[in-house]
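So the chains spell out like this:
There are 4 protein chains.
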Amino acid sequence: MSSNKKTTPERLAAFSDAVFAVIITIMVLDLKPPAEATLKALLPLWPTALSYAVSYLFIAIIWVNHHHLLRFTHHATSQLIWWNFAHLFMVSLVPATTVWIAATRFAAAPVFVYALVFVLIETAYIAFEGEALSQASDSDITPPLRRITRIRCYLALGMFSTAAAISFWSPRSGFALVCCVLFIYLSPRVPDLHRSVR
Amino acid sequence: MSSNKKTTPERLAAFSDAVFAVIITIMVLDLKPPAEATLKALLPLWPTALSYAVSYLFIAIIWVNHHHLLRFTHHATSQLIWWNFAHLFMVSLVPATTVWIAATRFAAAPVFVYALVFVLIETAYIAFEGEALSQASDSDITPPLRRITRIRCYLALGMFSTAAAISFWSPRSGFALVCCVLFIYLSPRVPDLHRSVR
Amino acid sequence: MSSNKKTTPERLAAFSDAVFAVIITIMVLDLKPPAEATLKALLPLWPTALSYAVSYLFIAIIWVNHHHLLRFTHHATSQLIWWNFAHLFMVSLVPATTVWIAATRFAAAPVFVYALVFVLIETAYIAFEGEALSQASDSDITPPLRRITRIRCYLALGMFSTAAAISFWSPRSGFALVCCVLFIYLSPRVPDLHRSVR
Amino acid sequence: MSSNKKTTPERLAAFSDAVFAVIITIMVLDLKPPAEATLKALLPLWPTALSYAVSYLFIAIIWVNHHHLLRFTHHATSQLIWWNFAHLFMVSLVPATTVWIAATRFAAAPVFVYALVFVLIETAYIAFEGEALSQASDSDITPPLRRITRIRCYLALGMFSTAAAISFWSPRSGFALVCCVLFIYLSPRVPDLHRSVR
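Chains as they are written, first to last, in numbering that gives the first Met the number 0: chain A, 0 to 197; chain B, 0 to 197; chain C, 0 to 197; chain D, 0 to 197.
Only true hints are included.
BS3-like mimics (lysine-lysine), calculated; alpha carbons at most 25 Å apart, straight line: (1) D:31 to C:31; (2) D:31 to A:31; (3) C:31 to B:31; (4) B:31 to D:31; (5) A:31 to B:31; (6) A:31 to C:31.
Interface residues of chain A toward chain D, partial, derived using beta-carbon atoms under 10 Å: (7) 31; (8) 38; (9) 56; (10) 66.
These aren't lab readings, by the way, just hints derived from the structure by calculation.
Just so we're clear, the structure is a prediction, and the values are computed from it rather than from any experiment.
We put the beta carbon where it would ideally sit given N, CA and C, even for glycine.
Isolated chain A, as found in the complex:
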């Protein structure tokens, strides 16, 4: 039952989930099958397939982190709500830039914009994370873990910025560098998430 005293990080979580779900599946609409009915006709679609897979994986990582963070919040403060909207806005730019890099087969400007969108996502995420963790006590998250979390965010931000910069010289290296951040987020998360979610 609803109560006017209850704070609702749950509704924030539910709304964000719905937005993530729509964004992650809206990219599917750009997976147009080839006109011919042959397997060879699938080959030229590799930029679409690769960029879809990378963007899907990123949004999955963003969801896991978002879900992890919201567990520390007790109140849906307006700062938290607005940084969340800023974060979701930046994430909502991923499908269009994904289509652009696929259509231009990893040209310089689209990869630059793609990396830039991730710089913006990460910036909004850092603000969102700061707000969420300000509600957590030391027993919720130990100071060393808090430091590691922050370092990883700034490292990702630095790598996305570098990827944006080098994409003008070598867009494919820029895209590869963006992909590297995936592994930063994926690998050290696995043990710690496992422990803390259990």
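Given chain A's structure and the hints, the job is docking chains B, C and D onto it.
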């Protein structure tokens, strides 16, 4: 567990959230990347970018207010349900009118229709708000706060109507006036939301 | 916390809500703004506007009834789940048929198919309702109310079938008859919903 | 209220539901009405109608199984979360391959890819199921039921692989074999689901 005695403003909230989430992300489908792979090719897209950002921000504000209001409701009465559907119907017209103002680069008729849609959204919202707050006691919401809430709604309604009227003479001023309402809703909300949601 | 003993009509409700939310807003994608920036250019869009409004209202009514019914269920039996999927499948055909009647400006065959889709929706709904109400005791729903509910359903089914039949002679009368069912569902619902949801 | 101690298979379920809901309804966008307003014009659309119905039914079955499985989980471990994302990724490929088999009227390569997507869905599902059931005790699920569940999965995997293989010789037989798996999943599920969900 479900019980036939339970009233469910929660399911109303969840359904509305899903509709807001789809509406806010459906606008992304109209963010078509340019055909060329240059940054200059992005420049002519500014009307799309601006109108997307403004519409996104509006739907975010509408969600925050909706979320705020539903905290006062204890029963999903049929009046509340139907005003909510009327409200969501009007909000569902935002993406199409956003595309229209972007495609015509802020021409008179599209900006008029855009402002008109906000007049309709605000009208349905005022009825929805009246129904939701009729369930709130004075300890839930103080009489002065109730009065301020109502005044702000009618002020917004007046500004949207004015924006619609002047958009025939100067569509860009009309659009700017619509944007002004954003700041009315944003700025005084922040302190009060922060206090009350906490 | 999840428990393997818990039955979950809640997850069924949440999933159905998400499907309804996507279906109701997917129709928005067919609201294409006119090419010219004049109000006159909106006039030829009246079939789209009318059919969108009618279909929106129908899905809203379906949601209200669905939400009302699920309050009587205690267990998500597989019959309930599968009739629900059959019902949602039929509802998912509404957007495409709505586009068809709008594009052909209420021609005979499209209106026939539109009415037929509502015959199918109503048939699946009657089966779903039977299953849901078989879980309700006489204190949940009084025998006279149960009878009225059933009569209304068969009345709607008859009217949709008649509308389908007459649409070959006069498609606009067929469409008007479909709209009449809206009022059957809307008007007597209001008092009883109000009483029972409170 | 959110607590940092709480594990949340619920949010995993809610997010997956939203993704399933969007995928199942996104296929509706490809149900384009014919240009002419005659019933005959609907006939050539049978490949679209058939493939939409089959894909809809598959996603419904996947949802039922997913919903059934998550009832056994107590913790959203990161393995569970990532296998779920892998599973949803594979399911997200269904709409595009559905369009392809409909557009090419069940040609060899598209049916091969369609069957292959189901091989991948089933593979991810087996891993997801293993992880979910590893949390269940013998009182939650009896060892014989556990064995039957596993056998059915490998049987489905074998049939999807066979369907992929034979689709090069006879694509329509391949598609028919894929459909047969539907009945394996549908028929024995009904009694056991009914018993266990109640």
